[in-house]
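*Asks:* Chains as they are written, first to last, in the UniProt record's numbering: chain P, 1 to 337; chain F, 1 to 337; chain A, 1 to 337; chain D, 1 to 337; chain Y, 1 to 337; chain S, 1 to 337.
Among these hints, one or two may not hold up.
Computed beta-carbon distance windows for the label pairs [unchecked claim]:
id: 1; chain 1: P; residue 1: THR326; chain 2: S; residue 2: PRO195; range: 38 to 48 Å
id: 2; chain 1: D; residue 1: ALA141; chain 2: A; residue 2: ASP182; range: 41 to 51 Å
id: 3; chain 1: P; residue 1: ARG206; chain 2: A; residue 2: ARG80; range: 26 to 36 Å
id: 4; chain 1: D; residue 1: SER200; chain 2: F; residue 2: SER29; range: 42 to 52 Å
Some but not every residue of chain F turned toward chain D, in silico, with C-beta under 10 Å [what the hints assert, rightly or not]:
id: 5; residue: TYR62
id: 6; residue: ALA73
id: 7; residue: ASP77
id: 8; residue: THR106
id: 9; residue: ALA265
id: 10; residue: VAL306
id: 11; residue: GLU309
id: 12; residue: THR312
id: 13; residue: PRO329
Quick caveat, the hints were computed from the structure, so don't treat them as lab data. Here a beta-carbon is modelled for each residue, glycine too, at the ideal position from N, C-alpha and C.
Number of protein chains: 6
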Amino acid sequence: MARYGAQFGPDITFMGVDACDWADAGSYSDADVVILGAPFDGGTSHRPGTRFGPQYIRQTDYNPPDGSRPSLAMRVDALRDLRVYDAGDVEMFSGDAERSVRDLQTAVHAVASTGAIPLILGGDHTVAWPDAAGVAQHVGAGRVSMIHFDAHADTGDVEHGSLVGHGQPMRRLIESGAVRGDRFLQIGLRGYWPPPEILSWMARQRMRSYEMTEIGARGLDECLTEASGIAMDECDGVFLSVDIDVCDPGHAPGTGTPEPGGLTARQLLDSVRRIAYELPVLGVDVVEVSPPYDHAEITSYLANRVVLEALTGIARRRKDARDGTTWDPRQPLLDGR
Amino acid sequence: MARYGAQFGPDITFMGVDACDWADAGSYSDADVVILGAPFDGGTSHRPGTRFGPQYIRQTDYNPPDGSRPSLAMRVDALRDLRVYDAGDVEMFSGDAERSVRDLQTAVHAVASTGAIPLILGGDHTVAWPDAAGVAQHVGAGRVSMIHFDAHADTGDVEHGSLVGHGQPMRRLIESGAVRGDRFLQIGLRGYWPPPEILSWMARQRMRSYEMTEIGARGLDECLTEASGIAMDECDGVFLSVDIDVCDPGHAPGTGTPEPGGLTARQLLDSVRRIAYELPVLGVDVVEVSPPYDHAEITSYLANRVVLEALTGIARRRKDARDGTTWDPRQPLLDGR
Amino acid sequence: MARYGAQFGPDITFMGVDACDWADAGSYSDADVVILGAPFDGGTSHRPGTRFGPQYIRQTDYNPPDGSRPSLAMRVDALRDLRVYDAGDVEMFSGDAERSVRDLQTAVHAVASTGAIPLILGGDHTVAWPDAAGVAQHVGAGRVSMIHFDAHADTGDVEHGSLVGHGQPMRRLIESGAVRGDRFLQIGLRGYWPPPEILSWMARQRMRSYEMTEIGARGLDECLTEASGIAMDECDGVFLSVDIDVCDPGHAPGTGTPEPGGLTARQLLDSVRRIAYELPVLGVDVVEVSPPYDHAEITSYLANRVVLEALTGIARRRKDARDGTTWDPRQPLLDGR
Amino acid sequence: MARYGAQFGPDITFMGVDACDWADAGSYSDADVVILGAPFDGGTSHRPGTRFGPQYIRQTDYNPPDGSRPSLAMRVDALRDLRVYDAGDVEMFSGDAERSVRDLQTAVHAVASTGAIPLILGGDHTVAWPDAAGVAQHVGAGRVSMIHFDAHADTGDVEHGSLVGHGQPMRRLIESGAVRGDRFLQIGLRGYWPPPEILSWMARQRMRSYEMTEIGARGLDECLTEASGIAMDECDGVFLSVDIDVCDPGHAPGTGTPEPGGLTARQLLDSVRRIAYELPVLGVDVVEVSPPYDHAEITSYLANRVVLEALTGIARRRKDARDGTTWDPRQPLLDGR
Amino acid sequence: MARYGAQFGPDITFMGVDACDWADAGSYSDADVVILGAPFDGGTSHRPGTRFGPQYIRQTDYNPPDGSRPSLAMRVDALRDLRVYDAGDVEMFSGDAERSVRDLQTAVHAVASTGAIPLILGGDHTVAWPDAAGVAQHVGAGRVSMIHFDAHADTGDVEHGSLVGHGQPMRRLIESGAVRGDRFLQIGLRGYWPPPEILSWMARQRMRSYEMTEIGARGLDECLTEASGIAMDECDGVFLSVDIDVCDPGHAPGTGTPEPGGLTARQLLDSVRRIAYELPVLGVDVVEVSPPYDHAEITSYLANRVVLEALTGIARRRKDARDGTTWDPRQPLLDGR
Amino acid sequence: MARYGAQFGPDITFMGVDACDWADAGSYSDADVVILGAPFDGGTSHRPGTRFGPQYIRQTDYNPPDGSRPSLAMRVDALRDLRVYDAGDVEMFSGDAERSVRDLQTAVHAVASTGAIPLILGGDHTVAWPDAAGVAQHVGAGRVSMIHFDAHADTGDVEHGSLVGHGQPMRRLIESGAVRGDRFLQIGLRGYWPPPEILSWMARQRMRSYEMTEIGARGLDECLTEASGIAMDECDGVFLSVDIDVCDPGHAPGTGTPEPGGLTARQLLDSVRRIAYELPVLGVDVVEVSPPYDHAEITSYLANRVVLEALTGIARRRKDARDGTTWDPRQPLLDGR
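Chain P extracted, bound-state conformation:
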């Protein structure tokens, strides 16, 4: 099967990494990470536009697309130290959510089956269902935990007559057994949704959701430490799902359902890096970037950096495992250079 390329715009790869075809495992046999675009916004309940997320996240940077991004902070070059491929987009017709999620799961599972980490660029959060399910299909139901950054719980049931949508993926994942409810960690929730009956369902699943008030009172670091502990209990690794709206709209205006009072960009980048460094990551998605609502591409920039920080954490984790070293966030930039 031929590489589909890009559903919108030219066939480019994330920051210039090598292209591959997800359906041809031979085209990425040495991959550590395979990027997939999920240009789908048919599941959003409000502002659309995330179909252009993959194109913008791949392309938005002032540095050249040269397949190299040496991290100042972690002293690895994720795009070189890891073997990262970009498989292009999965064709996803926004007018057919059911078929789209089915096709995406096939692709994610194909990638995961090779042992590579699938990293999906959304699209709206609908895609988290096939993303994490595709990983679980490979590692086994309930063997992957979820760390989920978001302003919203995304645990709705039927909405607009459909089981598929950007407010429901987390429920589908738990109901299907792909991810255990008691290994489901949510960071950054706030606002006025979901209503009590859905919260009750969540409580019954024994999910652990950190609302911003608790995060403010206890500190983000402490919450992350606690969440990491839960995530690794009886699981092989984590799926990291980052909804860009976990950040405050001031830092991420280009999104569909902005909820004031969120994390700063700095907090999100630090958190993503830390999780990817400390825990074995089995899959990642970065979703809900809506370029038509963005300004000066700041939300696309942020999402691009979320991807890079996840990759950087993974790369440094592997390097430290290999070299027996440890990362020290307090080390001055130029020490030992």
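Please arrange chains F, A, D, Y and S on chain P, whose structure you already have, making use of the hints.
*Replies:* Structure of chains F, A, D, Y and S alone, referenced to chain P:
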């Protein structure tokens, strides 16, 4: 069945006309025109956002929403001289195009069955299929001709694996027999789509498509006169479908697939008014207004005025029929006031 | 007297709560809170646009306008647990500031007289004069203290030849005796206004103003605790006036006189919630939201949430008083659901 | 009396012409034209922002502010061939429309009294009342006719409880006798305002209003010729009032009450130039430019050019009178250079 | 020498045509047209941003980048009927205008030497000097005439101490003898630049410049016919240089020095197509597209279509020469399909 | 030599301070600070637009340009307590970086030679080379240390074939000996540039660069204290160079190379104020403000305040030295007024 109201935002009506419930014919038994919102953008091939079209077209004005719009040019007040209701939106989940068009057609047909003119606010152009089909379902297959303002022919076949989408409604209408190919008039086409094989299909259907080059060479008025003649041959009336991208992007930037070189806003308003005045209109839709890509709401303003000019033409046509008068575009504004 | 409705756009209510007519007390006899729109920007010294504040604050949300907003953090649904009405706008002609403030005060006083809490959606900050004066007219001069979030002191005297304007309401309130100078708490001031002579006047009134430098050095929580203590000394309750420009322009660009270096959105929401929870609130206004200068509606979203957090705090305060419970910000979201 | 300068921003002059003080006739004793800024938007019924019109119209250009603008088309340099001064702004508090118009009229009259042509930069259209009245105060009631480019008639009576506002100046001018109703020429009207009763009032005043439909049917040139004839019958000269919304929103998005279907920028510039060349102009205003709603400053650019074309027409008219020459629009640019 | 690719963003080609390396003639030996990007804005006198022109003109479309663009109007597919390559960008450091234009001319000349038509995507208009000079270097000094669409004459001498800049290329071309002054045709000039002394210089060169007033008075078609006649007198072909600001800012806001009163997009597209069809084109450039000042990419869309219309005209011209056919603009779209 | 004034727009001064001519020392003989505009963006590697930085930084405020800015926090009025002049812009042609930096250095040196502090408004960061070199030229090579707020190290070598550009000034300063590498303090670095070989070069120079991770781990205050200590070791004073992109893009979107995860506006303002208060400042620049990418002017507002806080710190430092007082950030605003 209860009125659904608005899928996005508060339950308002077009410029303050009375509300009704399309499923309850008694709620609009005296209607001349019933407005329906079709907040769907799951069928668009490029920029989404038209789901917010109904909300913006209903609301965008500097005049108050008082259910009155006396036309300076035509000396009728369409919202008062006609009995216009707004039935709110049909719920359309953008992630399920097939169900959405089915549900919309049900609503349009229900309205048409009462003898009222359905006027649909899109949404992307996918909705033209259920819009005109719903009318044909009432007046009989092939009894309604189509006058279609657009930069694009919208006669594609399968796209992204689907028969439903904003590039294909006109093919579906002809294939289904709802509208005769040789009573299908297209105004304003231009650019580089569709490819020759689709043009051949169109030619075989004996469609009549006025590309901008012909319009420029012959004059818009002459083309409209010719088109009107064809439209009324063996048909009971016309369905008027206005894709806002028939206008140049300078006049209508807020749309999904802008094609430079289109009509001016003035030309479109004059054309819509003229058709609605000269021909018996059986249905109308105004589509492809994408507020996230708009600036200073100028595209929403234009679409609002397209609706008003269509209603104004209908109102004046009925008045003239009643009073035996004729409209004179050269008459000074204040003459005979 | 008939409800005026909306000065701009359709007659909608805040998030779908019930409508009432402020001039007809019977229409809201069971009200806990009555919302009033004050669509006035004739008093602004720089960028206008706040006249559209009421329309945007009422309407901007991705959740449906269903009259329900269950707070994740506080476990109350302010729009249901309280009886909240929206009285529509007071007609305010921006070209006549004096008449406008007089008419607004009449409406605020009418609401306050029924025992309901008036919550006013500005409009520029000019409206704080009639807002707090209308409350004081009911509870008695000097019986209501003021907690005022703002980048600016708004204690100017005559400007552009007028005593009325958005830089002067706080002076008017103190001079008139409506609010005691020594019960006037200001949070978030910064920048280069007002000049020393006005600061001297403020000092003579024994106002207590927390500039951002002091807040940074001492911590916002400590400042709020101190301010709350002052506010409740010999007063029956507080008027909470929130100028959205207390937040940094990054979080609230859509305002008339943005001053860099402000609070984060998170800080403002937490502070508003806390005050509404801890102190007896007698009136609220949320002002200076200028939609033409906003991007992706993030400032309107923030203001909408400021209103909701104020209501949520009030609702939880009443619930705790009723049930003998206490709110714990550290409680995990799903505990006890 | 000292020059007030600019109400907003630095004290600059239109394209760098010399500054003067309107209250000190000696500071512009040799003036042909004196520019006045009227930074007032308290009278607008919808979107504000025109208070920044004077600042933007004065400043928006890519050519340097060097007090020179040689017209390619008319072969005069209006800023040099005429003696043009800029008197800065009249202080106008938007919250006090009555005082503001009174103060503006004083300034306009002062300028007109010296024999100079006052050219006012709005501001919303409220200012046309004091603008033309100030001229009539000098030349005599009924001695100045009005040529008024606008989408709207601006002949409303009381609105929002006020006689002063941007929808009413033309009524005030006629009622006060400053301008004769039968010497009132309106070009470019369209849409759905005013209602029939106001149109009747207009007809009774024997105004002559060219709606866009008549302009389209007869041609703009023919309408202008006819209008010019009426304007000069028993009058000494014309006041030229240009509301930028006479242009289509595609050409002038930055305005308060955009009405689709207007003139092109080219048509407006040609018309203004022609009137200023063919008729004795006694005063000019250019109004309703709202920078917050503009994009890439295209509306400010257009308004700047409207001012320049008016000045250019005046300059060429005087030159031809002096030299006995005639302007030929068909002459190639480089002929005779 | 290796292909440089793109100076900004990923290495893509215009609408997906094949890539080549201008320095390796073998990589495009069968080329009819070779596209070159000139991402330079160091020569602009006002708003920069045109460095992103090549990236946006290549990429902006809703049709896929599939190397095919069948023209509805002309019934050729320029990207398939011609052999079109895209050589990527010439590296141009905006901070070094002299080196940049030298390097660009080398590339243009290299392409022209192979017999292919160079088509350059600007960049600011500075690039017209190396563009046309590179062609003249191949066909001989004075053997290529210039048809120049622009609001500005671009015939300045020294500006900001430099001979190189976007206001001066036409002077350099004439002074150097590359293009004859009396074979220099300018369409669309307007406004207030250049001053009389430069116009005198232009007149002495016997340039022929059509200002918008002459175009309005005589008609664009007649002017183009006259210009075409001059262009082909004693010359081998034409260089077509299109500054997007020849269009009105309403149609092309995304540019550096917008001048109100320009052509419509429709007029420009028709003119470019006509010239490319009627005359032997030896080179083309499309310049002054500044994406940061654009809205909804409408200016990039327009520039993309200008390129396509030029290619389409060339393709149809060659086809007609081959087949002995003639293009009829009045032919209905579906006739003979 | 005559004052050049403004390269773009009218000749205004920063907030209305007095004008001077840098080439005429007599015009500012009593100056404490002289402001220079450096309207140059020819050195930027990505988004341009900073040429308009000086114009916007000078002009953007809601307070009047009255030459007075009394700081609430520091109780000095920097524009009055210091003698501040604005020398206008140095003419800098963006297409000739080498000449431009040479000319700027001449101006900066001229100012520094008089003993006044030069404060330069960029422009892109290219200007830091001539800015600090011009100061060092006066105080002696190596006698001025550098405190550099930036997301980027700006220590590149040759880029695009040039030694001059916005990514390289810091290298040029160290290589030339103007500033000692071991007295070069960088605050706020982050992201993926520069690559290891440049970091090695930096380490060899013994630069001290605080990446955001270290700042997050240790706290900004501690890092600043440490940096200040280094800066004053064997140096006479500091040059303070503030690249606005040190702030997070949410706070400063209007810049050329935004890097997510930066400082808040509050942090930057506090830091600048503190450094200017605690250390002897010999020169300042504020760079990389790109108005075309800004929204609602929030980045220009921030840069304006950075300038004011630097001036305010300087003024208070001098006052305290004079009066023997000390600034207490915890002092309530109204204490002792």
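*Asks:* Against each hint, give a clear statement of whether it holds in the structure.
*Replies:* How the hints compare with the structure:
1. Remark: the range hint 38 to 48 Å for THR326(P) to PRO195(S) is contradicted by a beta-carbon distance near 23 Å.
2. The hinted range of 41 to 51 Å is not satisfied by ALA141(D) and ASP182(A), whose Cβ atoms lie roughly 58 Å apart.
3. Distance hint for ARG206(P) and ARG80(A): a CB-CB separation of about 28 Å, consistent with the stated range 26 to 36 Å.
4. Restraint check, SER200(D) to SER29(F): a C-beta distance of roughly 34 Å breaks the suggested window 42 to 52 Å.
5. Hint status for TYR62(F) relative to chain D: holds, with the closest Cβ pair at about 4 Å, below 10 Å.
6. Interface hint at ALA73(F): satisfied, since its Cβ lies 4 Å from the closest Cβ of chain D, which is below the 10 Å cut-off.
7. The restraint placing ASP77(F) at the interface with chain D holds, with a minimum CB-CB distance near 8 Å, inside the 10 Å limit.
8. Interface hint at THR106(F): violated, since its Cβ lies 33 Å from the closest Cβ of chain D, which is beyond the 10 Å cut-off.
9. A hinted interface residue such as ALA265(F) counts as satisfied when its beta carbon comes closer than 10 Å to some beta carbon of chain D; here the least separation is about 5 Å, so the hint holds.
10. Hint status for VAL306(F): holds, given a least beta-carbon distance of 8 Å to chain D, under 10 Å.
11. Against a cut-off of 10 Å between C-beta atoms, the interface hint on GLU309(F) holds, since the closest Cβ of chain D lies about 9 Å away.
12. Hint on THR312(F) holds. Least Cβ distance to chain D is approximately 9 Å, under the 10 Å limit.
13. At about 5 Å, the closest approach between the beta carbon of PRO329(F) and any beta carbon in chain D falls short of 10 Å, and the interface hint on this residue holds.
In this structure, the hints that do not hold are numbers 1, 2, 4 and 8, in rising order.
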